[in-house]
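Residue numbers (my numbering), protein chains in the order written: chain A, 1 to 190; chain B, 1 to 190; chain C, 1 to 190; chain D, 1 to 190.
No lab work stands behind these hints: they were computed from the structure. Among the hints, erroneous ones may be present.
Unchecked claim - Think about it this way: if two alpha-carbon atoms lie no more than 30 angstroms apart in a straight line, the pair counts; the simulated BS3-like pairs of lysine-lysine are: (1) K144/A / K146/B; (2) K146/D / K73/C; (3) K146/C / K73/B; (4) K73/D / K144/D.
Unchecked claim - Not the full set, but computed from the structure, chain A residues with beta-carbon under 10 angstroms of chain D: (5) A15; (6) H65; (7) E97; (8) V151.
Stated by the list, open to error - Residues from chain D that keep clear of chain C, each with C-beta distances beyond 12 angstroms, as calculated: (9) T19; (10) V31; (11) V150; (12) L165.
We put the CB at the ideal spot given by N, CA and C, even for glycine.
Number of protein chains: 4
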Amino acid sequence: MTTGRVEAFSDGVIAIIITIMVLELRAPHDVTLAGLRPLLPVFGSYVMSYVYIGIYWSNHHHLLHAAQHVTGKCLWANLHLLFWLSLVPFTTAWMGENHFATWPVALYGSVLLLSGVAYNILVRALLASPGNELLANALGSDLKGKISIVVYLVAIPLAFVSPWLSLALYIVVAITWLIPDRRIERNFGE
Amino acid sequence: MTTGRVEAFSDGVIAIIITIMVLELRAPHDVTLAGLRPLLPVFGSYVMSYVYIGIYWSNHHHLLHAAQHVTGKCLWANLHLLFWLSLVPFTTAWMGENHFATWPVALYGSVLLLSGVAYNILVRALLASPGNELLANALGSDLKGKISIVVYLVAIPLAFVSPWLSLALYIVVAITWLIPDRRIERNFGE
Amino acid sequence: MTTGRVEAFSDGVIAIIITIMVLELRAPHDVTLAGLRPLLPVFGSYVMSYVYIGIYWSNHHHLLHAAQHVTGKCLWANLHLLFWLSLVPFTTAWMGENHFATWPVALYGSVLLLSGVAYNILVRALLASPGNELLANALGSDLKGKISIVVYLVAIPLAFVSPWLSLALYIVVAITWLIPDRRIERNFGE
Amino acid sequence: MTTGRVEAFSDGVIAIIITIMVLELRAPHDVTLAGLRPLLPVFGSYVMSYVYIGIYWSNHHHLLHAAQHVTGKCLWANLHLLFWLSLVPFTTAWMGENHFATWPVALYGSVLLLSGVAYNILVRALLASPGNELLANALGSDLKGKISIVVYLVAIPLAFVSPWLSLALYIVVAITWLIPDRRIERNFGE
Numbered sequence: 001m002t003t004g005r006v007e008a009f010s011d012g013v014i015a016i017i018i019t020i021m022v023l024e025l026r027a028p029h030d031v032t033l034a035g036l037r038p039l040l041p042v043f044g045s046y047v048m049s050y051v052y053i054g055i056y057w058s059n060h061h062h063l064l065h066a067a068q069h070v071t072g073k074c075l076w077a078n079l080h081l082l083f084w085l086s087l088v089p090f091t092t093a094w095m096g097e098n099h100f101a102t103w104p105v106a107l108y109g110s111v112l113l114l115s116g117v118a119y120n121i122l123v124r125a126l127l128a129s130p131g132n133e134l135l136a137n138a139l140g141s142d143l144k145g146k147i148s149i150v151v152y153l154v155a156i157p158l159a160f161v162s163p164w165l166s167l168a169l170y171i172v173v174a175i176t177w178l179i180p181d182r183r184i185e186r187n188f189g190e
Numbered sequence: 001m002t003t004g005r006v007e008a009f010s011d012g013v014i015a016i017i018i019t020i021m022v023l024e025l026r027a028p029h030d031v032t033l034a035g036l037r038p039l040l041p042v043f044g045s046y047v048m049s050y051v052y053i054g055i056y057w058s059n060h061h062h063l064l065h066a067a068q069h070v071t072g073k074c075l076w077a078n079l080h081l082l083f084w085l086s087l088v089p090f091t092t093a094w095m096g097e098n099h100f101a102t103w104p105v106a107l108y109g110s111v112l113l114l115s116g117v118a119y120n121i122l123v124r125a126l127l128a129s130p131g132n133e134l135l136a137n138a139l140g141s142d143l144k145g146k147i148s149i150v151v152y153l154v155a156i157p158l159a160f161v162s163p164w165l166s167l168a169l170y171i172v173v174a175i176t177w178l179i180p181d182r183r184i185e186r187n188f189g190e
Numbered sequence: 001m002t003t004g005r006v007e008a009f010s011d012g013v014i015a016i017i018i019t020i021m022v023l024e025l026r027a028p029h030d031v032t033l034a035g036l037r038p039l040l041p042v043f044g045s046y047v048m049s050y051v052y053i054g055i056y057w058s059n060h061h062h063l064l065h066a067a068q069h070v071t072g073k074c075l076w077a078n079l080h081l082l083f084w085l086s087l088v089p090f091t092t093a094w095m096g097e098n099h100f101a102t103w104p105v106a107l108y109g110s111v112l113l114l115s116g117v118a119y120n121i122l123v124r125a126l127l128a129s130p131g132n133e134l135l136a137n138a139l140g141s142d143l144k145g146k147i148s149i150v151v152y153l154v155a156i157p158l159a160f161v162s163p164w165l166s167l168a169l170y171i172v173v174a175i176t177w178l179i180p181d182r183r184i185e186r187n188f189g190e
Numbered sequence: 001m002t003t004g005r006v007e008a009f010s011d012g013v014i015a016i017i018i019t020i021m022v023l024e025l026r027a028p029h030d031v032t033l034a035g036l037r038p039l040l041p042v043f044g045s046y047v048m049s050y051v052y053i054g055i056y057w058s059n060h061h062h063l064l065h066a067a068q069h070v071t072g073k074c075l076w077a078n079l080h081l082l083f084w085l086s087l088v089p090f091t092t093a094w095m096g097e098n099h100f101a102t103w104p105v106a107l108y109g110s111v112l113l114l115s116g117v118a119y120n121i122l123v124r125a126l127l128a129s130p131g132n133e134l135l136a137n138a139l140g141s142d143l144k145g146k147i148s149i150v151v152y153l154v155a156i157p158l159a160f161v162s163p164w165l166s167l168a169l170y171i172v173v174a175i176t177w178l179i180p181d182r183r184i185e186r187n188f189g190e
């Protein structure tokens, strides 16, 4: 089975996740610039989640581009990843509307952690599929994915010391991921 | 006519169904873990519906992958299936927000039942299309689909005895379906 | 330019239109069957609009399948059609929530009328594109489209006599369209 | 890497952006024509944003059709463009619900300006990708894009004199863009 429809469905789900987050930005009745100020934390958390979902889309794009075959197990590993990503709008809203309070920031990180684990499971399911031997060569050790998970595991409890420290770590992870997976691109790109 | 655009449109509708259910998870104002507790039944019903919609997407994917041709009748059998699936977010919300009360649980099962029947109608419409002879061989008797419908017919009235019994049966059906249709995969997969 | 991306984008918009209508079906707090009764007109108008949007998707599918080339003018004729269809969720909600009152029923028909006209403009834009000569043969006179427009023109003022008469006419038009455009299917289908 | 999935994902996001704007058109309880009057500014701003998003989709379609290759940098330039477009429903709602007041009109223009800049960045990222030499010939100087940015820069401060002047300029820009990029079409179209 080819990867075409898995990509199309994932694109649909990710496109909707990225877009419905904006519904949390409700137009204020105040028509001055001051009316926008209460929206700033909501906007800030939207930007962070947009970047994170963008990273997942971009890496997912590279990953499935390199893969040649998907099995039934891969379909469910993919649905499992999309499940955790689908919770991002909720954790983004809870965090943004409550000005980055402790529990919302910890939950936000937990969903990032579980999404990271789910991505790792998807990579392994694709590697285990027959016909994806080239992918194995291209992917290498996935060091960046493993480090991210460790950073999340540090950042989540840190929210109970200071949520801003956790946020700083989430931003650091995002920045490291903004660089696309050059190993795949080097091997498969034109 | 090829199956490409039917898949694309179905992917779109299913992606949106799966994603708008998450809008029912409204961010609470309480920033403690206790603030999430009232959301637990909503979350639980979201998980169940996510799995069900995922099953439909996965089976739909296998089914249309095996089919070669769609007629106008197939388009409408597909739209009919999507209609019942489109009601899942409503029944999920009614059930989750009312802590799995009798009528919501019975209605939830009824929409599952009608979706199951609609899927069966779609299978038959595809089998009746010229050029899909290979699909007939691959599909076999669709025993699992028929058993599911019988289980729903038992589970719906059972909600008036105890909604938890019905839920247990819905979960049993979901688990049996989580295993993809190996008959098709065996015959058509790589 | 090929029709691929026009189809994909239209599929996306139509899939969202069909799905967000269901958001109007808000889960009641009443957990008895009586709690669903006030939703009946909302549900009824949803069913009608679902069928109409399904018809447009199905005909659009047949039309673009038969077309080979799209020009910039076709893109805008298509966006113009999608604009009127995008108003269907609004008119559906206004009509359903107000139990099929006169003005909502008249406005609902007006949006159907303008969608019908927009579809006709799209057909003509496609026919005028170079390389679509086969489409011209396949489409014939589009009698059904012209009759629909006449029926809408009768049904809209009739809402001020009785909205139920208008609704009956909308349903009659829908039934005539449920039969896919066999002329195209006969010529281009497998 | 080919452009297929970038187009599909962008189509999804743009389709959702265009469609969720309609959710701002909430069905009034008043069933007379007078009940629709308060919706007129919301409707007007919806029409303008629909046309703008349509222009972006149409130009994006032409642009990626002409491009042959996308790099990781192009993916992010594209996500950056989609980010600003995703804010259009918010600025549209703020402007429409507040009858085109000064700050909302200025913010609306600012998001248009940033979208215009983001589109320009995407064009440059595509031109810098290896294998897109033909695109460079086809695109020419992008005079229209540069003029639009200048007009936005004039229109935004003008909102503090009169928001209607700004709106007039936004409409002028939209009209100039409604004409598709004939340079690309001439070179790559059939």
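Status of each hint after checking the structure:
For the given pair, K144/A sits about 47 angstroms from K146/B by alpha-carbon distance, which is inconsistent with the 30 angstroms threshold. For the hint pairing K146/D with K73/C, the CA-to-CA distance comes to about 24 angstroms; that is within 30 angstroms, so the pair holds. Between the alpha carbons of K146/C and K73/B the distance comes to roughly 24 angstroms, so the proposed pair stays at or under 30 angstroms and holds. At most 30 angstroms may separate the alpha-carbon atoms for a hinted pair to count; K73/D and K144/D meet this at roughly 24 angstroms.
Taking 10 angstroms as the C-beta cut-off, the interface hint given for A15/A holds, the closest approach to chain D being about 3 angstroms. The restraint placing H65/A at the interface with chain D holds, with a minimum CB-CB distance near 6 angstroms, inside the 10 angstroms limit. The interface hint given for E97/A is broken, as the beta carbon of that residue sits about 15 angstroms from the closest beta carbon of chain D, more than 10 angstroms. For V151/A, the interface hint is violated, since its Cβ never comes within 10 angstroms of a Cβ in chain D; the closest pair sits about 22 angstroms apart.
Remark: the non-interface label on T19/D conflicts with the geometry, its nearest Cβ contact in chain C lying 4 angstroms away (cut-off 12 angstroms). Taking the minimum C-beta to C-beta distance to chain C, about 4 angstroms, the non-interface status of V31/D is violated against the 12 angstroms cut. No Cβ of chain C comes within 12 angstroms of the Cβ of V150/D; the nearest lies about 25 angstroms off, and the non-interface call holds. Annotated as non-interface, L165/D keeps its C-beta farther than 12 angstroms from every C-beta of chain C; the closest such distance is 26 angstroms.
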